[in-house]
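J.: Next come the chains, spelled out residue by residue.
Number of protein chains: 2
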Amino acid sequence: MPNKLKRTELHELGEFRLIDHLTQNAKATNDSTILGVGDDAAVIDPAGKRMVVTTDLLLEGVHFDLTYFPIRHLGYKAVIVNLSDVYAMNATPKQITVSLGISKRFCLEDLDELYNGIYLACEKYGVDLVGGDTSTSYTGLTISVTAIGEANENELCYRSGAKVNDLICVTGNLGAAYMGLQLLEREKKVFEGNPNVKPQFTGWDYILERFLKPEARRPILEKLRALGIKPNAMIDISDGLSSEAMHICKNSKVGCRIYLEKLPIDQQTFKIAEEMGIDAIVAALNGGEDYELLFTVPIEQHDKVLGMEGVSIIGHITAENTGAFLITPDDKEIQLKAQGWNAIVEKE
Amino acid sequence: MPNKLKRTELHELGEFRLIDHLTQNAKATNDSTILGVGDDAAVIDPAGKRMVVTTDLLLEGVHFDLTYFPIRHLGYKAVIVNLSDVYAMNATPKQITVSLGISKRFCLEDLDELYNGIYLACEKYGVDLVGGDTSTSYTGLTISVTAIGEANENELCYRSGAKVNDLICVTGNLGAAYMGLQLLEREKKVFEGNPNVKPQFTGWDYILERFLKPEARRPILEKLRALGIKPNAMIDISDGLSSEAMHICKNSKVGCRIYLEKLPIDQQTFKIAEEMGIDAIVAALNGGEDYELLFTVPIEQHDKVLGMEGVSIIGHITAENTGAFLITPDDKEIQLKAQGWNAIVEKE
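Read top to bottom, the protein sequences are chains B and V.
Mapping of the first sequence onto my numbering: residues 2 to 349, in sequence order.
Mapping of the second sequence onto my numbering: residues 2 to 349, in sequence order.
Keep in mind the hints are simulated off the structure, nothing from the lab.
Keep in mind that the hints are not guaranteed to be accurate.
Note: identical chains are not told apart, hence a pair may lie in one copy or across any two.
[Said to hold, decoys possible] Here are the simulated DSS-like cross-link-like pairs (lysine-lysine), alpha carbons at most 27 Å apart as the crow flies:
(1) K105 - K189
(2) K224 - K164
(3) K164 - K272
(4) K214 - K199
(5) K254 - K28
(6) K305 - K272
(7) K189 - K199
Bear in mind the structure is a predicted one, so any value in this text is a computation, not a measurement.
If we strip away everything but chain B, and leave its shape as in the complex, we get:
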């Protein structure tokens, strides 16, 4: 851990020494990484594989609040959200680039913490940091990560491959990250009202971790491969199950039925939702940031998938003209809606 008493201003180093400092631990561990940080561009040799590319932009105040988000976790999460997109193509992430806009509020020790998180994610998922751009900013912290992965052509899973009668499956559980965020926001408000009150986080470790330090679902893909199951369609859950299911339906030109009582929701999610007067089902459908995988498999794979730990079968694919609906235990049909960030734009 860095010494919190120490504060090295960034202008003491200057741009080039700062970049050297932050990237000195960037190692090229993948065979496909020919040249990493330090030239006009990184060089990659995919050696006959298909490559996938995805990118995410994280803005302070919109995507994260540093009053409660440890900056090391933020670095970790900024990488994970991109790797999750690569895994959602059934590809293996190999390289990332990281661009930062940094305001004067941040010192070298802060950036070291951020990069500790970035490197931790790289190490855990076998990914090389190969480039980026470091810039000053007048408006807090901006993080832009691009991830590159590879796959054999026949391994790739698109959003567009779902077939009528496919089983709809989801990994892990839903809504936990959203409830973690709600808890953090609640305790922040309490603290702002009275700085002597200690935040009440005891017993909520799981939902907090789901928001602050999410993981990508690599092990599930390894299991699917070992079982000889290739999903027909796959997407990662960043905006909420409802949005993602609709993306699959739209791209695959199909409909779906998802059963409410099949939605995997953790006990902590239920408990905090009840305490805060939030519907846990709504958190699961629209909360987002779960970084679970939503995928469809041919119905013939039912028994194999049923036996998989950490995977729930939550519904099935129907014909396009039947629409996309959530089915309640009393057989009511509720139309699924895509959320996106409407709410945020309107709020601004």
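Assemble chain V onto chain B, guided by the hints.
T.: Relative to the frame of chain B, chain V by itself:
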């Protein structure tokens, strides 16, 4: 041109319709683009080529000022600065991703203009827009572009390849973009002092265009290839000749001598510099944003390079222990310095 009287608020569309709208003209024109916008990640097939990846982050208030930067040009420039990095590897750009953080100040018509510029650059340079991330922002406009290019292994030019006695060459001319920026900043201040005074831009088209609508130096690379010349080292000039020459020296473990009277500087650059009391040589050395190419070739290529339009031989590579110096006409040696963005960080 969009109707300036029309203002469509972004929340009227919502995230997904906005993305659909902005990317509806994104066409995959390259064989290597297998899948573009619309899935968790884009899919690329480099078909045996090496790939290069580079990224740049542009922040409103730091990298651009929309009071004088036409937003369409900004879109164009955001792409060009990345393509320039790809060309500096002697590779051919093929795909880009574009991520945006957009504040409520911007309406759909603004984004259409921005994307018109982005698509114009894509069309001119044969590049496909394959993905990105669109987000709300509380702090103006943020643009993050990642460019991907391809090259045969033996074509790639690194910063590290310069050899003692190589000729140092630069394309086009230097300092013009910096002087364009100075002019724009001057006229902005005049206008802020008295909004009735019309900005004085007549006769300065060239330097303004160099700042507001730069081009990447693709034709020079084509000429070099046609002449059978492969640079030993190459870099693009984004931070100024001085910084870039030092990058080549550091990475190649060599020194250099650059001759002041050989620096290519346009007449408009000299003229405005004199008018504003700025040393045009300093603008050329440290101004930056020229997006010219700095490269070294074996001395045997001297006659071939001498005959190339748009290329100046400005010096030569020396042994590492001799340092990196600018030689004045009266044979004084001035040590080259790397600038980076120190100045900006300190100013903030």
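J.: Would you mind marking each hint as holding or not holding in the structure?
T.: Taking the hints in turn, this is what the structure says about them:
Taking the closest pair of Cα atoms, K105 and K189 come within 27 Å of each other both inside a single copy (24 Å) and across two copies (26 Å). Taking identical chains as interchangeable, the C-alpha atoms of K224 and K164 lie at most 27 Å apart only when both belong to the same chain, with a minimum of 22 Å there against 51 Å between chains. For the identical chains of this complex, K164 and K272 are neighbours neither inside a copy (36 Å) nor across copies (67 Å), given an alpha-carbon limit of 27 Å. With identical chains, the CA atoms of K214 and K199 are at most 27 Å apart within one copy only, with a shortest distance of 22 Å there and 54 Å across copies.
When the C-alpha separation of K254 and K28 is checked against a cutoff of 27 Å, the pair qualifies only between copies, where the shortest distance is 21 Å, while the shortest distance within a copy is 43 Å. When the C-alpha separation of K305 and K272 is checked against a cutoff of 27 Å, the pair qualifies neither within a copy, at 32 Å, nor between copies, at 76 Å. Proximity of K189 to K199 under the C-alpha cut-off of 27 Å is restricted to the intra-copy arrangement: shortest distance 10 Å within a copy versus 50 Å between copies.
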